[in-house]
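Asks: Following the hints, complete the assembly by docking chains F and V onto the known chain B.
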Amino acid sequence: MEVLVAQVINGLSLGSIYVLLVTGFNLLLLAAMIIHFAYPQVVVFSMYIAWVVLRYTGNSVPLAVLAAVGASVAINLASAPLFQKIMKNREEVDINSTMVVSMGIGMIITDVLSHGFNKGLPISFPRQLVGDVALFRFGLISLLSGQAASLAVGVLAVSGVFLLLYKTRPGRAFRAIAEDPNGARLVGIPLLSTGLQSYALSGILGGLIAVLLALMLGYASPGLGEQVAHKVLAVSIIAGLGNLPGGLVVGLALGILEALAQGYLPGSWSNAIAFIVLLGVILVKPRGLFGLKL
Amino acid sequence: MRKNWFVLLAVLLVLVAFVFTGCQRQGAAKKVKVKVQQWEIPFLNSLTGPIASIGEFLHWGAERAAKEINEAGGISGKPVKVIGVDTALDPQKGVVEMGKIVQTALVALGPVPEPVIMAAMPIAVENEMMSFTATTSLEYAEKFFPWSISWFPKTEDRLPPLVTAWAELNPEMKSVVQFVGNYGPWPGMVAAHKVGLEKLSLKALNNVEVPADAVTFGPLVVKALEQKPDGIIIACWPEKAAKLVQELKSRGWKNMGRILLFSSADDASLYSTGGASLNGAIIYNYINVDVDTPRWNAFKEAYAADHNGMQPPSLSTNYYDAVYMIKEAMEKTGVTGDPKKLKEERKKIAAYVADVKNFQGLLFNWDMAGGVPTNKPTYLFEIQDGMKKLVKEIRE
Amino acid sequence: MPLPLYYFLAITAINILMSWALYLPYRVAHLHFLTVANMAISGYLSGWLVQGLGVSFWAALPLGFAAGGLIGWVISLFIGEAPTFTVVIVGFTFIYITRTVIENTKAVGATMGMFGLPLVAGSPALHRWTILALLYSLVLVVGFLIHRFEHSRLGRAASAVFVDKDLATSFGVDIAKLGRLLQVFSSTVAGGCGVIYGFLYRSFHLDFFTFHLVGLFMTIIFVGGYATMWGVVVAAPALYGLTLLFPPEVASWRIVIYGAILVAVLVLKPEGFVTRRLVLNLERLLSSQRKKIQ
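Residue numbers (the numbering used here), protein chains in the order written: chain B, 246 to 539; chain F, 4 to 399; chain V, 2 to 295.
Next comes chain B alone, as it looks inside the complex (with noise of 0.2 Å):
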């Protein structure tokens, strides 16, 4: 019982890095109609930003937290227009360009940081600003600050995401936008000043975002970003793509189960078992366990 205990602790943990990484993803979804395959790049890119910050600055952390959000906004804005003028059909996700200019914008992303960061080797974090504490020890059970952390603000982030797209009206004018945009010209919502403002919002998450797993996993890698990319698109797909709340309970439903897969079962399976499981919800379930919210 301890055992299990702790796994869906850890479990939790992992799985509140995807709800972060989901949410974020979603919102430029909700407010920009795009599929940002490589935004768990850009976070990591902020990432390493806030970790170049600290050392020149000796760990001044509002500085480091400035700096991953100010590099978070910068990428998506410079990527809007990009993805702007490829969307063909605005009316509908056109996920096929969108995700495929992602890609080629993660392939930068990965290389540039394995050439100008570091010398391409991980990069770490102070300990002291790490939440490694433990905050509550029971034999194997533990929970340590970072997790806590990182496990309130995905659901945070979610519930304050939610609030901003379906009850106010800056929320209301960014799916307008996504949804119908010469609709939304047509009831005087000013398009491009609108339009920037759902991209910088989406930076503004995915800065804070790259704080949050600074602080939980205390490094992080050129490859990083990759690696969990296959799977955050894969828990907005499973939840249906765009949707808030469904996007929380898959995100958190595969970190249990692949803690439970690597507790129980041979580390190396975990992978395919997460995938197995979720291949066969998507199989029964193409358009989502949850339905769309586009």
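Simulated from the structure, these hints should not be mistaken for lab results.
The beta carbon of each residue, even a glycine, is placed where N, CA and C say it ideally should be.
Keep in mind that a hint or two might mislead.
As the list claims (entries may be wrong) - Only part of the chain B face toward chain V is listed, based on derived beta-carbon distances under 7 Å:
1. 346
2. 352
3. 513
Replies: Frame of chain B; chains F and V shown alone:
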């Protein structure tokens, strides 16, 4: 309709000829003249891509050797040049590059790493050209004998004494759990570790497999600690090894001397990820950086100067030694570099190195028997602040 | 024949065939990444048959095709008319599962790989000519079939599905059947390619079949042109040849260059370099030249 096909085929052929001309142009630049003005040793390496940082120091070691040899008069009076040939860990590139190399080269270094070895070494074998696969295990290298050479003895001979020696440092240990990454020869190494444990009647608990894309390590560490081990052996990717150590510590693991890291984890990624968390852990490897000889000291200083003060990683000496071994083979067998004698001289080099005796490596001397090294030492080190302090030397 | 030329031609043929295998389902907007898993499965299967059971290469090859086709057919029953992103995730999932199964199966060499596959003909030179002849025969056959498909009712139906699924359905196009057909064909071709790929290298290693291949084939299709089969024929040798001709200083930024080319082409020439219009104009030109000669 048929004409359209012909025209399109012609266009395709023109494209191919264009690229082939490029290949030939490159090949023409490397043609060996009857009188060798310079020995050229191609080094099929991963200079870009996921393991570029490893490829860099391997190449550095080979170039260092070439530099020293040239300063001392070259090979048979002619200078030697190591030519880095990048495969970027891509087998598709590796085979084309090896295909170019076997046309004219006497001998080659590499390939690095295993996927490129698998794809490209059959070409070297078919063309009876020795290629020094100096960073892979015997289990890979021996598949291509006699046209490759192993830098490492049999895993099941080398590793058990190492692990036994480590266990002897911690006599109170009764059971050990191993973390293993499912890659290449690592499962075989873990099996050899187990033999070493069993020699002292230690219980080898169930292995914990580390997935290649593991991002968090809590589940794996819980699985290991659930078995209540007294000791831990970690045999997986360096970055993940460091994270496992940190996770173990965060879950209360105190006795760092009872953590043993295997040789393939001894990489810059381990130290850049793990930092001070690794202090006190034991690691085994094949070179002792504290050896005090002028040659090694010069190597260390030069490495530190070019790499921000870092210690040379253990594999950095492999291709350094390989270039010197090639020099010795060429000089001792009277290789001329005459293209007409290419086949014959390739065989001479291969035959010599397979059974070289008392080869004077950078750090120690060793013999080869049938392409397999004998009497090479291994070492246990304690990690302190990113440096390795010698704990024990073990010889077979 | 010089060895570099042999490998260049052989690998180019493989890349053309695999890119066509990806191109064909994309005619109905399916990014069918299952093909890479098909390559690995059929390849390792053939290796085991030849090395383990002493079956001849010429018997193993059709079995490799059949295995690919069978797997493609079974999966297509579920995803024949699924949304694009579902097909993408199924492909990724299969790649993970396949790799995990192979790395845990001792009979196919597990993590070490398979060594020393035999020659397919009596001598190394004959082996090379045989592999080349086989590959380019396949290129001609598959190219012919795709060409016929594109100029048939089915091809026009596929174009309609790509542009507007609902409209295509209203015209009586059976999307599920069409999707299944293309996926099965694609998987069959991929299976055969996997067999030949291994015998080209005379070994198998898991790292021959990675997500890198997905990126490569996708780049070939989108840079060459996704609307016509000729884009692949142009892009495959060009992109492969580029990597061989880069000087070392540039080669280290190879991935960034590929990513940038991919993004630039998608933004500036969304249909790729070889567009349908270009092919039509070329065909008209050739036709008028032929009439002049006659």
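Asks: Determine for every hint whether it applies to the structure shown.
Replies: Here is what the structure says about each hint:
Against a cut-off of 7 Å between C-beta atoms, the interface hint on residue 346(B) holds, since the closest Cβ of chain V lies about 5 Å away. Residue-level restraint check for residue 352(B) holds (minimum Cβ-Cβ distance to chain V is 4 Å; threshold 7 Å). Taking 7 Å as the C-beta contact cut-off toward chain V, the hint placing residue 513(B) at the interface holds, the least distance being around 6 Å.
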